[in-house]
Amino acid sequence: MKVDIKKLSIFLVVFNALMMFKDLPMSILGSVLLIIFLSFIVTHKTLRSFFKIFILIASIILLKFLFKTYLLTEAGVSLVMILSALKLWEMDTESDHFNMFLILALLECCLFLLNPTFIAFFLGIIKIFIFFYFLLKIRNYDLTLLSGKRLLFLVVPSLFLSLILFYTFPRFTQGFLSTTNNQLLFSGADSQLSFKKLGPLNLSSKIVFRVYGLNAHKFPFHLLYWRQSVLWDFNKEEWRTGYLHFKSEQLTSPGPVVNYNIQLVQDYNEFLPVLDGVTRLIKSNLTYNFYTEHSFRLKNISRTSVKYNAITSFKEIPQILTPLMERKGLRLKSEQKEKIKELILKNKMDKSNLSDNEKFEMAIDFFKKRNYEYSLTPPAYSSLEDFILTGKAGYCSHFAAAFAYITRAIGLPSRIISGFQGGEFNPYDQSLIVREMDGHMWVEVYLKNIGWYKFDPTATVAPGRINLGAKSFHDKVEPFINLYYYQLPKSVLEFASFNHFSLWLDSLSSRFDTSLINFDKDKQQQILNSFIPKSISLGWLFSIALSGSMPLFWFFFSWLNKKKSNPNEKRYKKFIARLKKEGVEKLPHESVSSFRKRCLLKTNSLEDYINTETNHYIKYYYERSSDFKC
Amino acid sequence: MWINLQNNFFKKIAALGKSQQLYIIPTLDGIKLAFLNVTLLVIGLVYANNYVLLFNFILFCLFLGSMYYTHFNLQGLELISAKTSPLHVNDKGVLTLQFKTTSGLGHYFLGLRLQNNLIDLQDKNFTFSFEANSQNTLKVDVPIKGIIRGDLVISRLCIETLFPFHLFRCFVYFKHHLRIVVYPERKNLEIHHAQTIQEEKHDEGDDFTLNNFKPGDPLKRVHWKKLAQTNHWYSKKLNTPNSNPIMLSLTGDHLSKLDLENQLSSLCFALYQSHYQNIKYGLTLGNIIIAPDHSSFHLKNCLRALANYES
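Those sequence lines, one after another, are chains A and B.
Under our numbering, the letters of the first sequence match residues 33 to 662, in that order.
Under our numbering, the letters of the second sequence match residues 2 to 312, in that order.
It is worth saying that the hints were derived from the structure and are not from the lab.
Yeah, the Cβ is synthetic: ideal placement off N, Cα and C, and Gly gets one too.
Watch out, some of these pointers could steer you wrong.
[Stated by the list, open to error] The calculated PhoX-like cross-link candidates involving lysine-lysine, where the alpha carbons are at most 20 Å apart (straight line), are: (1) B:125 - A:119; (2) A:612 - A:634; (3) A:169 - B:101; (4) B:101 - A:602.
[As the list claims (entries may be wrong)] Take a look, some chain B residues computed to stay more than 12 Å from chain A by CB distance: (5) 29; (6) 38; (7) 56; (8) 69; (9) 74; (10) 87; (11) 88; (12) 104; (13) 194; (14) 196; (15) 217; (16) 224; (17) 279; (18) 287; (19) 297.
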């Protein structure tokens, strides 16, 4: 099969660009396609060099414009992507092909940085080795020589050694480069809420995290709330997390607690989701801060898989309200604040002596009377006040923001909790899978003598969203898929067996990911300690593995290289050894016949033996020689 | 730059004079891959990404494995003999090499490095292979071509291999005295000097050889005396050329290099022409004077004189 290496390179670059489609700006992907297109048009050498320099400079400026800094992972990946597209212009010599191979290998690693999953890795290995195969083919190698046994001799020990080195190589808890302030954030549950930007919601089934250790029989999984970030600051239509750091806090009373493990699988991680309640993190593979009470934030934003163990008490309610928290929880810069407050409290005569509970009930009452409707495609509202006063349709973000506004307007400290609600139980690995579509927002209101009281405004508007879970509820609300003028029932496209298969695949992928590849320092130490004494550090173990593998490799190849001696030759050697014992030693350049003559002269008793053995060897030798081909 | 560096390295190794010792160095591709490995290791550590680290280790171990593979591809090979027949500039010839092997894996894509300026490989990428578990003695004919005239003895032959991935170059020097003689190119330029020598006509009686008589041979060629002695029919075949001998020489003493080469080429052509026309010919080259004669041995002497002249 003749393959054009340039076309193969273009295919791989475009394939990788499509795999990074979600992580890179469209302008970068557009530039890559433009460069590939130009590589076919601009063929003049000088013009080509000019274009290349121009595009490179333009790309560097574009990267600065898009990312503000070159330290960002995406900026580096974009640069590698552009360089790989530029390299496609020079695919003339064997050296160019090999350079392209190196750039493609680097590009694959960029893909692993953005998408650290086993599937991406597996595909990457296949892509690179296909390219390498054709690279060798271009070098006129007869690849049949590399097939089967010979290829195994090379690949098996290499893979074996690479796995040993991989498992013994010392890991670091955190990378050396901290880019906390530069990383872009993508999340199922937002850590900020801009009311003006709220638009139609697309339901994504991308997995955000998995929870292990929850007993399937004890928990109504679809009712669980997962707290991720707390939005305190309200400023001009935007709710933000703000900065409130607390010291480590112990659970106030032992009470019944739930112990569980979470594995975050999303690309970027900053806030750690935990069960909504009073929570304490026991162990995490990355360092974290207590961002606000019972909410946790990583010190450095990470793309790597985050794993942690937490305990949560449901029965307790967070109690802390510091003066700073009270100020933040009541802050409401809004011109229509008084007007809305009047509307809420219009029936009350003595407005100053209302208890917190009374105010809270009035807020709920006001909210309910607005008769909001749940919709995934609400209209755009000019402001939050606009939605409170005249709005009708919305979803959890609208309702949570509106209720937090209402409570603050009447003097109750409140905050929005951004997180998830519900999830799907995977029976194959006893885990709970929480997806982006399970993203949810609710409110916590501080009531004297009670503490931070949880209230979910969405439950009052659409109880089905909470009781049924996101997927079932939305399927119920919108049971059809619109295809132009036709409506296709969603149930037609759903097969129970397919769903089970995808859950099984997910559990498999998760196990592979956590156990084999994405293990952390602790797990590595734990596994290795079961084989080696604890006193040997990982650094030493890696050095021993690396240096010990060299002689092992050597012996393996020496053993393979050893020529199997022919039984006839063995027999003749045995004959020589016996005669040596009799006192006749074969001289280095003595022919077989001369040696026989000398033997017969010296030892008469072994005449038959000497003749038989010599004739046998001569017969073998000449038969073999007749097969000799030059 | 890399090629110059590599050639210098080869010269230094050759100057060490060690024979049958295997050397292995990374190629430029190998160095690039090593550099990529270091880069990926740094990326994997900085971003604490296990997938990048695993990919890096796989590449590294294939790099390491290919080093052993390349090394063992050449190990166990021994040069028994090397032989080449004289050839002319721009003519094709064959260099016959005979090896002995003790390797069970075979030897693949071996290349020959001819470190001389007289001959070169016809195909720069010429390689040869010996299958796994092949015979103990292996023979290979390497197609070569003459580059410039001269007479040289090569004391070492270098065999190298890049198999399997071109990441490492393994080579070995075999001690072997290989004489290479490259005669000038044969060109019918007629720019040399040729002088006919008048000599007395000899009786043709002495200068002949006897062949068995075949029906059709002229009767005047029959050796009657021998017939009488042995009762067996013989025909006389004259060895002496029919024409007068000629002395071939250069046209001047101080010639430019190009003129000299052209004249030598012209002389070379004339030598062959005279030989095939059965004319006795001699050669004058500076101080060297070869008396007129006619035999294969004489032709070889004359050609060797041309090859050695101011080379």
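Hint-by-hint comparison with the structure:
Annotation: proposed proximity of residue 125 of chain B to residue 119 of chain A is violated, straight-line Cα distance about 28 Å (limit 20 Å). Distance restraint check for residue 612 of chain A and residue 634 of chain A: the Cα-Cα separation of roughly 12 Å lies within the 20 Å cut-off, and the hinted pair is therefore satisfied. Proposed proximity of residue 169 of chain A and residue 101 of chain B is contradicted: the alpha carbons are some 29 Å apart, above 20 Å. Taken as a hint, the residue 101 of chain B and residue 602 of chain A pair is honoured in the structure, with Cα atoms around 19 Å apart against an allowance of 20 Å.
With a minimum CB-CB distance of about 8 Å to chain A, residue 29 of chain B fails to clear the 12 Å threshold, and the non-interface call is violated. The beta carbon of residue 38 of chain B is not kept farther than 12 Å from every beta carbon of chain A, the shortest such distance being approximately 10 Å. Under the 12 Å C-beta cut-off, the non-interface status given to residue 56 of chain B relative to chain A is violated; the minimum distance is some 6 Å. The claim that residue 69 of chain B lies off the interface is violated: its Cβ sits roughly 5 Å from the closest Cβ of chain A, which falls inside the 12 Å cut-off.
Against chain A, the non-interface label of residue 74 of chain B is violated: not every CB pair exceeds 12 Å, the least being about 9 Å. In this structure residue 87 of chain B is separated from chain A by more than 12 Å, as the shortest Cβ-Cβ distance comes to about 22 Å. With 12 Å as the threshold on Cβ separation, the claim that residue 88 of chain B sits away from chain A holds: the shortest Cβ distance comes to roughly 21 Å. A Cβ of chain A approaches the Cβ of residue 104 of chain B within 12 Å, the least distance being about 5 Å, so the stated non-interface status is violated.
The Cβ of residue 194 of chain B sits about 46 Å from the closest Cβ of chain A, beyond the 12 Å cut-off, so the non-interface label holds. Every CB of chain A lies more than 12 Å from the CB of residue 196 of chain B, the least distance being 48 Å, so the non-interface label holds. For residue 217 of chain B, the condition that its CB be more than 12 Å from all CB atoms of chain A holds, with the nearest at approximately 40 Å. For residue 224 of chain B, the non-interface assignment is confirmed: its Cβ lies about 44 Å from the closest Cβ of chain A, beyond the 12 Å cut-off.
Annotated as non-interface, residue 279 of chain B keeps its C-beta farther than 12 Å from every C-beta of chain A; the closest such distance is 37 Å. For residue 287 of chain B, the condition that its CB be more than 12 Å from all CB atoms of chain A holds, with the nearest at approximately 43 Å. Distance check for residue 297 of chain B against chain A: the nearest CB is about 27 Å away, which clears 12 Å, and the non-interface claim stands.
Comparing the model with each earlier hint shows violations of hints 1, 3, 5, 6, 7, 8, 9, 12; every other hint is respected.
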